[in-house]
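Whole structure, please, built from the sequences with the hints as guidance.
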Amino acid sequence: MKIYIACGLTHVPRSIFIEYTAYLHELAGTLKTIPAVASVRYALVDSDPQLASKPASDRAALCYDWDRRMVEEADLLVAEASFPSTGLGIELQIAETEGKPVIMLIGDLGINRVGRAHYENPDHSEHDLQIGDGIVSLMALGLPAIRKIVPYKAFGEAISGAVAAVSLYGQA
0 MKIYIACGLT HVPRSIFIEY TAYLHELAGT LKTIPAVASV RYALVDSDPQ LASKPASDRA
60 ALCYDWDRRM VEEADLLVAE ASFPSTGLGI ELQIAETEGK PVIMLIGDLG INRVGRAHYE
120 NPDHSEHDLQ IGDGIVSLMA LGLPAIRKIV PYKAFGEAIS GAVAAVSLYG QA
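Just so you know, we're using numbering that gives the first Met the number 0 here: the sequence shown kicks off at 0 and counts up by one.
Read the hints as simulated data drawn from the structure, not as lab findings.
Misleading hints may appear alongside valid ones.
[Unchecked claim] Capping the alpha-carbon separation at 16 Å, the derived lysine to aspartate or glutamate pairs in EDC-like fashion look like this:
id, residue 1, residue 2
1, LYS147, ASP74
2, LYS99, GLU72
3, LYS53, GLU71
4, LYS1, GLU97
5, LYS1, GLU71
[As the list claims (entries may be wrong)] Estimated spans, in silico, between C-beta atoms of each pair:
id, residue 1, residue 2, range
6, PRO34, HIS117, 48 to 56 Å
7, GLU72, HIS117, 40 to 48 Å
8, GLY98, GLN129, 47 to 55 Å
9, GLY86, ASP122, 20 to 28 Å
10, ILE89, ARG13, 22 to 30 Å
11, LYS53, SER136, 28 to 36 Å
12, SER14, PRO150, 18 to 26 Å
Built from N, CA and C at the ideal position, the CB exists for glycine as well.
Here it is, written out as structure tokens:
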């Protein structure tokens with residue numbers, strides 16, 4: 000089984016960025032130890048470093064092409080969705096279109112939950128914005144490709160939850 004770890008990196012607070020990327024590397028390394036897993040790919044290793052050597056004017060198109068291909072070539076996506084990311088949303092939609100199952104990891108890290116929001120419409124009706132639990136949007140959570148959501152408060156919990164969920168797919 001080929002796995003792609005989809006993740007948002009742009010809006011990870013810089014105060015935890017080193018810890019967060021170390022967690023992603025540990026997640027990938029741990030998933031590689033599952034007997035049914037043939038490969039694990041992710042942007043930190045398989046596209047971002049390579050983009051740095053390309054002309055700035057070509058990086059966006061290459062990033063899209065390379066990451067899209069990694070989604071398309073995967074059998075399963077592990078989506079680390081603890082921080083908002085347009086790119087992750089695109090990858091999730093590609094997975095849905097391609098019929099790829101998704102395991103979503105959602106960390107409540109104490110710094111990534113948005114507060115409630117109240118608004119008024121032109122007809123003067125008042126509403127609370129529907130933000131789910133305030134980490135991942137309801138639209139993303141409604142994606143039919145999601146087979147398992149793994150909530151966590153510590154990176155170790157995310158890794159063990161991901162291993163358990165991925166292992167289910169390797170037992171065919």
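Going through the hints against the structure:
Among the hinted pairs, LYS147 with ASP74 is consistent with the structure: their alpha-carbon atoms are about 15 Å apart, no more than 16 Å. Simply put, LYS99 and GLU72 have alpha-carbon atoms about 10 Å apart, close enough for the 16 Å limit, and the pair holds. The suggested pairing of LYS53 with GLU71 is violated, with an alpha-carbon distance near 23 Å, which exceeds 16 Å. Restraint check: the Cα-Cα separation between LYS1 and GLU97 comes to about 14 Å, which is no more than 16 Å; the hinted pair holds.
The suggested pairing of LYS1 with GLU71 holds, with an alpha-carbon distance near 10 Å, which does not exceed 16 Å. For PRO34 and HIS117, the hinted distance range of 48 to 56 Å is satisfied, since their beta carbons lie about 51 Å from each other. Checked against the hint of 40 to 48 Å, the pair GLU72 and HIS117 passes, with Cβ atoms roughly 44 Å apart. With their beta carbons about 28 Å apart, GLY98 and GLN129 fall outside the hinted range of 47 to 55 Å.
Distance hint for GLY86 and ASP122: a CB-CB separation of about 36 Å, inconsistent with the stated range 20 to 28 Å. Remark: the range hint 22 to 30 Å for ILE89 to ARG13 is upheld by a beta-carbon distance near 23 Å. At about 31 Å, the beta-carbon gap between LYS53 and SER136 stays in the expected band of 28 to 36 Å. Against the hinted window of 18 to 26 Å, the Cβ-Cβ separation of SER14 and PRO150 comes to about 22 Å, which satisfies the hint.
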